[in-house]
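If you read the protein sequences in the order shown, they are chains Z and W.
Position one of the first sequence corresponds to residue 0 (numbering that gives the first Met the number 0), numbered consecutively onward.
Position one of the second sequence corresponds to residue 0 (numbering that gives the first Met the number 0), numbered consecutively onward.
By construction, these hints were calculated from the structure, which means they are not laboratory data.
Check the hints yourself; a few may be wrong.
Stated by the list, open to error - Have a look at the derived ranges for each label pair, beta carbon to beta carbon: (1) Val157/W <-> Asn133/Z: 54 to 60 Å; (2) His24/Z <-> Met228/W: 37 to 43 Å; (3) Pro132/Z <-> Gly270/W: 33 to 39 Å.
Unchecked claim - Just some of the chain Z residues that point at chain W, by a computed CB distance under 7 Å: (4) Ile54; (5) Asn58; (6) Ser61; (7) Val62; (8) Ala64; (9) Cys69; (10) Glu88; (11) Val92; (12) Ala97; (13) Ala166; (14) Pro169.
Note that the Cβ used here is the ideal one computed from N, Cα and C, for glycine as well.
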Amino acid sequence: MFTPVPTRSMRLACAEYMSSVADTHPSLIAMGADGSSIFTKFASRYPERFIDVGIAEANLVSVAAGIAACNRTVMVGAIASFLLRRAYEQLRVDVCDANLPVKLIGVGGGLSYGALGPTHHMCEDIAILRAMPNIAVFIPSDASDAVGALRAALEWPGPAYIRIGAADDPVLHDDPHIYRPFGLDVIVPGRDLWIVSTGATTIHSVRAACALTDQNYSVGVINAHSLRPFPEAELLNVIRDTDKLLVVEEHVKAGGLASIVAEILVARREKWKFNNIGILAGHPPVGSRDELLHFYGLDAEGIISAALTMLRP
Amino acid sequence: MAVDKYLLTALPAKRETGCLAATQWDLSSRLIVMIDTRIPHSQLDLPAKMLTVDVRPAFERSLMMNEFTLPIEEVEALEAIARRVRLTVLQFATVKRVHIGPALSIIDILVALYFKCLKISPSNLFDEDRDRFILSKGHAAFGLYAVLLESGILDQSVMDDFASTGNSLPGHPCKGMPGVEFSTGSLGHGLPIGAGMSIAGRLNSQNYRTVVLMGDGELNEGSVWESAMFCAHNNLNQLTAIVDRNHFQQEGLTRRVMNMDPLTDKWGAFGWNVIVVNGHSIPDVVCAIGKAAQFVSGPTVIVADTIKGKGVTFMENNPDWHMGYLDSIQFGDAVASIRAEAP
Numbered sequence: 000m001f002t003p004v005p006t007r008s009m010r011l012a013c014a015e016y017m018s019s020v021a022d023t024h025p026s027l028i029a030m031g032a033d034g035s036s037i038f039t040k041f042a043s044r045y046p047e048r049f050i051d052v053g054i055a056e057a058n059l060v061s062v063a064a065g066i067a068a069c070n071r072t073v074m075v076g077a078i079a080s081f082l083l084r085r086a087y088e089q090l091r092v093d094v095c096d097a098n099l100p101v102k103l104i105g106v107g108g109g110l111s112y113g114a115l116g117p118t119h120h121m122c123e124d125i126a127i128l129r130a131m132p133n134i135a136v137f138i139p140s141d142a143s144d145a146v147g148a149l150r151a152a153l154e155w156p157g158p159a160y161i162r163i164g165a166a167d168d169p170v171l172h173d174d175p176h177i178y179r180p181f182g183l184d185v186i187v188p189g190r191d192l193w194i195v196s197t198g199a200t201t202i203h204s205v206r207a208a209c210a211l212t213d214q215n216y217s218v219g220v221i222n223a224h225s226l227r228p229f230p231e232a233e234l235l236n237v238i239r240d241t242d243k244l245l246v247v248e249e250h251v252k253a254g255g256l257a258s259i260v261a262e263i264l265v266a267r268r269e270k271w272k273f274n275n276i277g278i279l280a281g282h283p284p285v286g287s288r289d290e291l292l293h294f295y296g297l298d299a300e301g302i303i304s305a306a307l308t309m310l311r312p
Numbered sequence: 000m001a002v003d004k005y006l007l008t009a010l011p012a013k014r015e016t017g018c019l020a021a022t023q024w025d026l027s028s029r030l031i032v033m034i035d036t037r038i039p040h041s042q043l044d045l046p047a048k049m050l051t052v053d054v055r056p057a058f059e060r061s062l063m064m065n066e067f068t069l070p071i072e073e074v075e076a077l078e079a080i081a082r083r084v085r086l087t088v089l090q091f092a093t094v095k096r097v098h099i100g101p102a103l104s105i106i107d108i109l110v111a112l113y114f115k116c117l118k119i120s121p122s123n124l125f126d127e128d129r130d131r132f133i134l135s136k137g138h139a140a141f142g143l144y145a146v147l148l149e150s151g152i153l154d155q156s157v158m159d160d161f162a163s164t165g166n167s168l169p170g171h172p173c174k175g176m177p178g179v180e181f182s183t184g185s186l187g188h189g190l191p192i193g194a195g196m197s198i199a200g201r202l203n204s205q206n207y208r209t210v211v212l213m214g215d216g217e218l219n220e221g222s223v224w225e226s227a228m229f230c231a232h233n234n235l236n237q238l239t240a241i242v243d244r245n246h247f248q249q250e251g252l253t254r255r256v257m258n259m260d261p262l263t264d265k266w267g268a269f270g271w272n273v274i275v276v277n278g279h280s281i282p283d284v285v286c287a288i289g290k291a292a293q294f295v296s297g298p299t300v301i302v303a304d305t306i307k308g309k310g311v312t313f314m315e316n317n318p319d320w321h322m323g324y325l326d327s328i329q330f331g332d333a334v335a336s337i338r339a340e341a342p
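Chain Z extracted, bound-state conformation (with noise of 0.2 Å):
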């Protein structure tokens, strides 16, 4: 069974690759709200651009706009529950529609937060961002993706955001692992199904593929880490050898990866057994990530479940 041991915080690894192009891009200007660790050792080396609009949402997101419609690209890093929600409204207007280089970093990401609850969750980021125009959408599945995406957010063009986790989280790629933006990375080969995941449910869906081989099915784990622009293509050509397909993700059942795939799905007018696991909008118990995964079904036991309910006859 596939077991991997060490964690590393996202937090941390794009702490280091802010202060690593600090230099490189003299355009850069870091922007929190009442603080972002992503920023500390770049702003510790570039005091005059790192601003911190205290806690501002709204604010942090309209003056990040109104800066990089001046020739500068701006980096946001905030909790994203209160990003995304308390300045969608910014964001669509502001930053989307004007199709700036504003890069977002969203913090605990997700149930990252776990048992500070709901207030504090943000799984809903996929679907509001696929309806906003412009803005490339990340979610890394361990620390090494995350820096892949944040450098691959900073050469897109336009608006970016990405959706990191707020603790440690376990390490999925040796590292450094060829990051290709915009594109799927496929985990484990497989036959008879393939799990699509995205961002923190990826592990779970690799221990779910690996307990699955011990009962002789063929289950691949494909990482969705790129969502928007969606590697549809490479997709149709991944999968193009089976008819079952699971999508599990750390969202909301509705607008998110499922969504994003079933359309392409529907769209060949192909048959497929299809199913999803995700997260049910409402209250949830009070728990931490993990215990919040288990309740959802989004840890391999909850996967390795719907896996088998496809794969038996």
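We have chain Z already, so just place chain W on it with the hints.
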């Protein structure tokens, strides 16, 4: 109607020197008040502790002479432009319903900005050191369009096809139009955007000015005050906010819908320099904008006392004309009303 020009500044610190001190602007002060003697003080929402001194017209010129004082010929030329711009706004309203009242209240401010104060012209729209203007109260779009037409930034052809489907003049300004820096129309966005542009100017070692024009109803939006804190905290002295204080919002008097008084106190408490001015006196507005740029400490807000629907008698202070369409008889009456203001 002749425009009364002027008046005066009065600063608590200058009390002992009396009104003659009005020529000496104390730029270390947080508050400057320019009183137009036509406006009853009770309408002006002045802070209780503020000393105000009226200066009678006989003393006006000698008191107000400063580097921003305009020759009378130039004042009259700018006032003529404002009348032409108002007529253009009326023309728009003969084609479709537009936000006419909120547009007419800002015309004199826009004319002061575009024809005297700001470095914005058809030839520098893409220069990095151009001044930035954000019409945060985007619903006054047709006031802005009329000024952009008058200044040559918008081509006259947009007027010709205004009635056609797919014409180029949306009800709220859209980024990408000539002379429009950002899309506005959702209130409370302009000040933080302007703050970003202003701080970028500092980062880029450029000394352009950024001016954001807001409505007084717009100040209900919380994002304005988030941004007000931010601007003062970062000492954005190259940023000027102007509040079009026409005392009305869509539903009626601001005082009834959501009272923002004491407004100058609020801005002062947020760390801003405050100038109160008659928003229909172009030379006063020019002077206030010029003075605002001289503060070395803090951002400056100009609270411009205005009249909704200014210039058209039957629209003035009438919330029914927040948005409207003019039939030919109304158009004739409105044009006559504006022409009557010519000297």
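Are there hints from earlier that the structure breaks, and if so, what are their numbers?
-> 1, 2, 4, 13 and 14
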